[in-house]
Amino acid sequence: MKKFVFWGLVISLFILSVTVFSAKKTVITYWTHTDDNRTRIEERYIAEFTKMHPNVEIKRVVNEASKMGDLVLTAFAARSGPDIFNLPIEQEYGYIINRRVAPVDYKAIGYKSLEHLKADYADNTFDPVTMDGKIYGLPLEITNWCIFINKKVFRSAGLDPEKDYPKTWEEMADISEKLVIRNGEIITRRGFDFRYPYYLVSFLPMVQQLGGDLISADGKKAIVNDEAWIKALNFMREWGPHGRNLGSPTYVNARKIFNYDNNDIAMCLSGFYQIGRIKIDNPEFYESGEWMVVPFPVFKDAVQEVACAYYGHYFMVNASIPKAKQKIAWQFIKYMLDHPIEYLTEVNIIQPRKDLVESDFFKRLPYTDVFMADMTRAKPVFLHENGYQFERYIKEAIEDVMLSNVKSEDALATLKRKIQEVLDEK
Amino acid sequence: MKKPITGDINLLSFNQKERKKRSIEEKKALWGWVFVLPALLFFMVFSFYPMMNAFYLSLTRYNLISLEPPKFIWFKNYVYLFQSPEFWNSLKSTAIFTLGTFLLLLVFSLALGAFIISRKKGRTLLQMIFYSPALLSSVVAALIWFLIFDPRGLANQFVNFVMGTPGVDHKWLATAGMLRLSTIIVYFWKYIGYFTIIFVAGMGNIPQSIHEAAAIDGTNKWQHFWLIVFPLIKPTTLLVSVMAMLQCLKTFSTQYLFTTSGAPTKPINVITLNIYNTAIRDFRIDRASAMSVLLFLIMLVLSWLQFKAAKERDISYM
Chain H
734 MKKFVFWGLV ISLFILSVTV FSAKKTVITY WTHTDDNRTR IEERYIAEFT KMHPNVEIKR
794 VVNEASKMGD LVLTAFAARS GPDIFNLPIE QEYGYIINRR VAPVDYKAIG YKSLEHLKAD
854 YADNTFDPVT MDGKIYGLPL EITNWCIFIN KKVFRSAGLD PEKDYPKTWE EMADISEKLV
914 IRNGEIITRR GFDFRYPYYL VSFLPMVQQL GGDLISADGK KAIVNDEAWI KALNFMREWG
974 PHGRNLGSPT YVNARKIFNY DNNDIAMCLS GFYQIGRIKI DNPEFYESGE WMVVPFPVFK
1034 DAVQEVACAY YGHYFMVNAS IPKAKQKIAW QFIKYMLDHP IEYLTEVNII QPRKDLVESD
1094 FFKRLPYTDV FMADMTRAKP VFLHENGYQF ERYIKEAIED VMLSNVKSED ALATLKRKIQ
1154 EVLDEK
Chain W
55 MKKPITGDIN LLSFNQKERK KRSIEEKKAL WGWVFVLPAL LFFMVFSFYP MMNAFYLSLT
115 RYNLISLEPP KFIWFKNYVY LFQSPEFWNS LKSTAIFTLG TFLLLLVFSL ALGAFIISRK
175 KGRTLLQMIF YSPALLSSVV AALIWFLIFD PRGLANQFVN FVMGTPGVDH KWLATAGMLR
235 LSTIIVYFWK YIGYFTIIFV AGMGNIPQSI HEAAAIDGTN KWQHFWLIVF PLIKPTTLLV
295 SVMAMLQCLK TFSTQYLFTT SGAPTKPINV ITLNIYNTAI RDFRIDRASA MSVLLFLIML
355 VLSWLQFKAA KERDISYM
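Residue numbers (the working numbering), protein chains in the order written: chain H, 734 to 1159; chain W, 55 to 372.
Since the hints were made in silico from the structure, they are not lab data. Predicted, not measured: the structure shown is a model, and the values here were computed from it. Errors might be hidden in some of the hints.
[What the hints assert, rightly or not] Partner residues aside, some chain W positions facing chain H, computed with beta carbon under 8 Å:
1) SER101
2) ILE119
3) SER120
4) LEU121
5) GLY221
6) GLU266
7) THR319
Positions of the beta carbon are idealized from the N, C-alpha and C atoms, including for glycine.
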């Protein structure tokens, strides 16, 4: 009898512990940046996914986009990074190089091989996240920038936007000169202005058009083709207050004021997502048809036909979490990404999936042809473990020539020294 | 005949009382430790350990994002920093900002403190008005001022109106000198009220009898302030000067927000901004730690010098 009671207790305890253990939920933390439209649809995806997987709980944490990079970095440095996160690929690259993120578990998301996964996406989609034959991220969005034009402002300066839009950077400066309105030295209406802090995306391609590059192909030499750099820096210098005074980094971001159609900016540089933002910020302007999108200009004597670099946000999974959890994380990511049309229509972001970009629905959307045509002549954004550091150095060089009236040659020499120092330390 | 033993008994009872008293004091001391322990633990975990860790990291080569453990390299990071033009530029930027802001803060908060204390009415209101910017977060303050310093913003409009120079762009956020001035203005505006209130409190602590004695002796307002009030608020002046200096040396938010919003980095690349960029953007926590240690030493030496200078000029009317 005693034996019976003893074994009965042991078996009951075993069953209880197994039940408790199996009932314990797998909690996945997912960090992303603020976007109300995305939050709305992704909260729904989470509800649907957890309904299908009752043992899974997804904690979606939203952070301000400008703080995301710092937060993810400090969390990973403290070995407590999120299970899933997304950042611009320039920032994510360091995580791949340092093996902090896990390769895509293609079997867990229903692919027989990586080739099958690649076949579902546009060509070269995975180039920025491929290392040693493995893929380390699935794309939330791929973006490239073109020129947005306010037709009314063009016409007010006696220009025909359909014919007179700038095809070269030289034309961009001349047309901006016609469009600009100043009160003394102070610009009250700009023709065009750059996306200043994002030099790897928009300024480096200008240098590449002239035959230059940031580092040599073997990764050992900083600054390829000094002449190309000096010409590009001279162009920026002429653009600034010490030159033709057409714009400057100290004015309000052109992209932010474009949507309001307040006769203070004629052209800005932005991605497809800008269309959705015009619709939200100024529906009247959106419906008016008084805006258009044209390709990224090239220099007159360009040696390469290079458009603005394309960049993306990729979903990545923390390599330090258990494999079983990684598998669920990839399944959840796949579940979200299986709604490309909703991401496009609700959030205005393009997922480079063939079933989307090759669809008639996509092709019928305004200006997707312009963005996609520019994508074919674009390079992926410059990727390097120290990419952000290099971008800061380019920023300093451009600020030196534009705002501090430093000679382009001197600014380039400093830029070269700083980047070479980083390369030599590798 | 036996000697009376009263004295010995008294001595014994005294010793017993003393022991009892000591044990009460010991108990009190023990409780003292118990009460202080949380604060000590807090300091150890959140201040002392990070300081020691930063010093250790400054002697290593360590990438913030890498899984590789730190590699001991002795003082190579310090050698690198002393040879780096960027670090020297940061020292220069910090020195310019600190000197410019600290002196202005000290002089004007003293003057405003004296002005407020001399008012019979509206003291509280004035203190509230001056203190209100300190309640704003540094980021919000920098954002507000960024809009003011925009070429089309209030700063150009105001200066051009006053100077009768319409259409002149004073390049508040562009040229090195103006950019430095802009950061000084933001910081001065934000912290002047805070230090003014400290001076008001210090001046308010001077006994009324001293003011009355000075009045009987026939001092005028100027003499009263410089010969009576100013020497008596020396501890407050020392406190404000040390706090203001340390605050200025640690400035970050204004410079960070200005540089990320389009202003050139070089003129305002103060040490803290350099530390942030080196650690977070370049992943070089080792070099950032070395810079932090150097900044700590600079702050320590300057504070010590201030205390030493204040002690040499000790005056008391008590």
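**OP:** Tell me if THR319/W is really an interface residue toward chain H, meaning its C-beta lies closer than 8 Å to one of theirs.
**Re:** 6 Å, holds
Original post:
Hint check: is the beta carbon of GLY221/W less than 8 Å from a beta carbon of chain H?
Top reply: Because about 2 Å separates GLY221/W from the closest Cβ in chain H, which is inside the 8 Å limit, the hint holds.
Original post:
Holds or violated: is there a CB of chain H closer than 8 Å to the CB of SER101/W?
Top reply: 18 Å, violated
**OP:** Tell me if GLU266/W is really an interface residue toward chain H, meaning its C-beta lies closer than 8 Å to one of theirs.
**Re:** With a minimum Cβ separation of about 56 Å from chain H (threshold 8 Å), the hint on GLU266/W is violated.
Subject >> LEU121/W as an interface hint toward chain H, with CB separation required under 8 Å >> reply: 6 Å, holds
**OP:** Against chain H, run the beta carbon of ILE119/W and see if the smallest gap drops under 8 Å.
**Re:** 5 Å, holds
Original post:
Under the criterion of a CB-CB separation shorter than 8 Å, is SER120/W in contact with chain H as hinted?
Top reply: 5 Å, holds
Of the numbered hints listed earlier, those contradicted by the structure are 1 and 6.
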